[in-house]
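Now for the letters of each chain:
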Amino acid sequence: MDKLERLLNLTAALLDADRVLSADELRRRIGGYPEAKASFRRTFERDKEDLRKMGIPLRVENVPGADPPVDGYRILRSEYAGRDLRLEPDELAALHLATSIVRLDGGETGLHKLGGTTSGAIDATEVGHVPFDENLAALIAAAADRQAVGFTYAGIERAVEPWRLSFSRGHWYLSGWDRVREDQRLYRVDRVSGPIELLDNATQPVGTPTDPSSLRGWELGDETPTTVRVAVDPDQAAYLQHLIGEDSTQHDETTVVTFEVRNREGFRSFILTFLEHAEVLDPPEAREDIVSWLEALT
Amino acid sequence: MNPRLTASERMIRLLAVIPWVVEQQGAPLDEIVARFDYPRSQLVEDLTGVVFFVGVHPFTPDSMIEVDISDDEVQIRYADWFSRPLRLTPGEGARLLTAGHSLIGGDFATGDEGDEAASPLLRALTKLGMALGEAADQAVEVRLGHAPTETLPPLRSALNRGEKIDIEYYTYGRDELTRRIVEPLRIFSDNGNWYLHAWCHRATDERIFRVDRIRSVRLTGESVEHQASDSGGSFTPHGDDPRVRLRLHPDAAWVTEQYPTESVETDSQGRFVVTMAVSAAGWLERLMLRLGPKGEIVSVDPPLSAGLVSNAANRVLERYR
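Going down the list, the protein sequences come from chains A and B.
Mind the numbering: the first sequence is residues 1 to 298 in this note's numbering, read in order.
Mind the numbering: the second sequence is residues 1 to 321 in this note's numbering, read in order.
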């Protein structure tokens, strides 16, 4: 028997059952499985794995009254079928277009389950690529459904209520409530070690997620804030202002920009990307920091 | 279209095709092919050779699915177990939500048309969100790039209208600002940045420009003359760019995340040894000044000018003397 036919019959049998069925009962009811016990077991295990990968919610419970215990299987119809989204044709087409324009790494989008794609293959130019993986999918699903999650980050076990997943400047960030620290935190998703464990319902209200693009290297620190003034050449000024989103004052040929620095190293790294087109004016310590750093490189 | 689908891919499709055809009370074969991306011959084979034999114990006619194809019209009956589509997995839902939210937001405005409120995409995302959870609307945010709000709309508008533009562009690697007339061919996002692929009259060739380094855009009113070549302006380092080998302190791992590397090794003291393409000397100067004592050039092939780092440091120091 064709593997596809066997998998469809297995699924139909599990959906049709009004109680859990043991592997042996399934073998007798479906047919198409190998006779030898060991090879039946192997094939059956593979089939179960295939169904799970497709997202079919296979339940495993003990067969009532069996001694010693025997695994029994069934699929509940209420768990098998999703909520009917009732998408209009133009809504389905818009989702289809979105998945064609933005390429996400790996995985199915499930559009078929929503009624397929009204227009068939569409001729849309892909405009963007966004990295995507199963950890990220699990975090998004948890944030949408207000579930707390557990994972390892920087070698430490975390319990987090996810608020929002943001893709910004080439990286995914998770903003949420850290239950252990009892504070809002931002995590880089590519540094989250999976698997993502689903905990319980979130209890904290959703706060204002941290916008990762608002973070500046010179602001991420615990140092005493210092006001640093920098002169920038005119042709770099617009770019700098776009980057930091702040006003500046014009002095003849140069533009003077003010920074509130809480991380000297981050500030130095940023300002050196302007090479000789930017100059730290004051305070003297900040100026001296750049000078001594550069002198060590000559 | 996939020439050959695996058993799982066929099953996923059939579990969607069956309830859809049942609900439609029959559907043309070709529409199923298009909607579900199902190769025609495979679909016919699977419906008549597989689905036709699916049912439950004792597999008497009344406990089996009935499939009938006549005049290229498909009828499916008695498929009670598969009368509703399989639910979306959390991964599928998250993917749809992410793809949809990528297209929501100002980066897609051209300034030429009305707003996107009540667009089919927004309606679809609202319905999808209701199935995924109460907080789905806020759960994902995607910024395909960070470009000044005054740059992208005129670029999109020029691209749509086929109009030449006059841009001021800052070449980061060579640290120079140039003016050029370009013909927009495509706007795309990669790794969180917007890029303009265009025919450049200054280079008399196709070029890729990072949109956040375009300092000004002026529409010229002139029509474009060039079309995109087949190569599509692929975004890869040139094969003949010099290659640099750097030794990095463990704290400087950000370099490997921020720039494309060709190889990364770890030495016995936990330092990284990386090989990267150098598109222009100015890029390497900046990187080395930022790294300071945490980075060291092992070799450059073919060699760049000796004293590259100290020369750059001295140039900056000039401003402070």
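A hint or two may mislead.
Said to hold, decoys possible - Some but not every residue of chain A turned toward chain B, in silico, with C-beta under 8 angstroms: (1) Leu76; (2) Tyr80; (3) Ala81; (4) Gly82; (5) Arg83; (6) Leu104; (7) Glu108; (8) Thr125; (9) Arg146; (10) Leu186; (11) Tyr239; (12) Leu240.
Derived by calculation from the structure, the hints in this document are not laboratory data.
We treat Cβ as the ideally placed atom computed from N, Cα and C, and that holds for glycine.
Right, here's what the structure says about each hint:
no.	hint	in the structure
1	Leu76	violated, 11 angstroms
2	Tyr80	holds, 6 angstroms
3	Ala81	holds, 4 angstroms
4	Gly82	holds, 3 angstroms
5	Arg83	holds, 5 angstroms
6	Leu104	holds, 5 angstroms
7	Glu108	holds, 6 angstroms
8	Thr125	holds, 7 angstroms
9	Arg146	holds, 5 angstroms
10	Leu186	violated, 13 angstroms
11	Tyr239	holds, 7 angstroms
12	Leu240	violated, 11 angstroms
Violated hints, in rising order: 1, 10 and 12; the structure is consistent with all others.
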